[in-house]
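Protein chains: 2
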Amino acid sequence: MSGNKQMNHVKLIMSEMLQLQQKSKKFVNILSEGESLSQNQLILLLQLEINGGMKATEIADFFSVTPGAVTSMCDKLEKLNLVKRERKSEDRRIVKIVLTNGGEDKVHEIFMKFPQEKLTTIAKVLKDINKLMNSIV
Amino acid sequence: MSGNKQMNHVKLIMSEMLQLQQKSKKFVNILSEGESLSQNQLILLLQLEINGGMKATEIADFFSVTPGAVTSMCDKLEKLNLVKRERKSEDRRIVKIVLTNGGEDKVHEIFMKFPQEKLTTIAKVLKDINKLMNSIV
DNA sequence: TATATATATTTTAATAACTAAAATATATAT
DNA sequence: ATATATATTTTAGTTATTAAAATATATATA
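Same order as they appear, the protein sequences are chains A and B. In the numbering used here, each residue carries its 1-based index in the first sequence increased by 5. In the numbering used here, each residue carries its 1-based index in the second sequence increased by 5.
Be aware that one or more of the hints could be misleading.
Identical copies go unnamed one by one, so any copy, or any two together, can satisfy a pair.
BS3-like mimics (lysine-lysine), calculated; alpha carbons at most 30 Å apart, straight line [to be verified]:
(1) Lys84 x Lys60
(2) Lys89 x Lys60
(3) Lys101 x Lys132
(4) Lys60 x Lys16
(5) Lys101 x Lys28
(6) Lys16 x Lys93
(7) Lys123 x Lys93
(8) Lys28 x Lys89
The set of hints was computed from the structure by calculation and includes no laboratory data. Predicted model only: the values in this text are computed from it and were never measured.
Using the sequences plus the hints, can you model the full thing?
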C-alpha cells in the first residue's frame, strides 16, 4: 500500500513539528522571563533593533496583521517609552518606528542575563537550525 | 571591553532567532494553505491526532491559556464537526477532546498535499532541528 | 495649476479572543 | 454526611484585531 509509508512520515513530522513549536515558545519564554512584555512585543523590539527601525507596513507584514493593529501595538510600546515614531522627511506619509534609548537598553538587558558561553552556544545552534530550515521552506 | 564580544553574539542571536521565527511561521502557513483554519486550530488538531485526544486542562497548558479559552476553542471546532467531547467513565469530571472521523480526514489531507520525497526531507530536517534545540532550551 | 489617483498611517466601530471569577458537576477525604 | 478538591463551563468584562472611513502626503496628467 503506497499510502502507508506516507502516513508514517506524516505522524513523525507532526510530532517533530509540535515539539519544535513548544521548544521555540519555551525559548522566547526564557527570554521574556521577568519582563512585563508579551511575546509579540518582545519580538517587535528585537526586530526594530536588528533592522534599525521599521515602517508600519513592514511591521504589519511581519506579524500578518492589519495596519490598524500596528498603530495599536506601537501606541502601547510608545507609552512605555520603548519606541518612538519618526516621520521621514523624504516622504512624510511614512512613519518609521524606532527604539528609544530605553528600548535599546531593554533589548540588551534581555540578553545580558545569559552567560557568555551560553550565548555562544545559542548563536551556533540557531545558525545551524536556520540552515536546516532552508531546505524545507 | 568585555561587553563587546557579548554584544556581537546578541546581535547574531537576535537575527537568527527572528529568521527562525519567520521560517516556522511560513512552514505552518504552507500547511494551512487553503484551509479555513487558524494556525492554533491547525496545531490543536495535530496535537489531538498525535496524542489520541487531550483533556481540556492539557490543551490549556499547551497553549498557555485559561480553561475558559479552551472551552471556546473546542466549541468552534466541534461546530465544524472536527472534534467531539467524550466524558471519561472513570472520572466523569474529565472531558477528553478527540478528533472526529472528519477531523482525522482533515489532518491527513493537510499532509497529503506533499509528495513523498518532500515528506521524507521534512521529517529528517525537523528531527535534526529538535536535537539541536535540546542543547539550548 | 488644478484635479484625480495612489500610498501610508490613524481613527472608528464592530467583532473575536481571552481572562478572572462564579457556577456546575463530580470525586475524595474525614 | 459534610467539607474540600478537581475539571469544565458559563458569565461578564477587557483586550486585541479587523474592515472601512478619515486624514495626510505624494505623484501623475490634462
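Against the structure, the hints:
1. Lys84 x Lys60: Cα proximity of Lys84 and Lys60: one copy only (18 Å, versus 40 Å across).
2. Lys89 x Lys60: within (12 Å within a copy, 44 Å between copies)
3. Lys101 x Lys132: For Lys101 and Lys132, only the intra-copy Cα distance (29 Å) is at most 30 Å; the inter-copy one is 40 Å.
4. Lys60 x Lys16: between (41 Å within a copy, 20 Å between copies)
5. Lys101 x Lys28: between (32 Å within a copy, 25 Å between copies)
6. Lys16 x Lys93: Close across copies (26 Å), not inside one copy (50 Å); limit 30 Å.
7. Lys123 x Lys93: neither (39 Å within a copy, 45 Å between copies)
8. Lys28 x Lys89: Answer is between: at 28 Å across copies they meet the 30 Å cutoff, but 32 Å inside does not.
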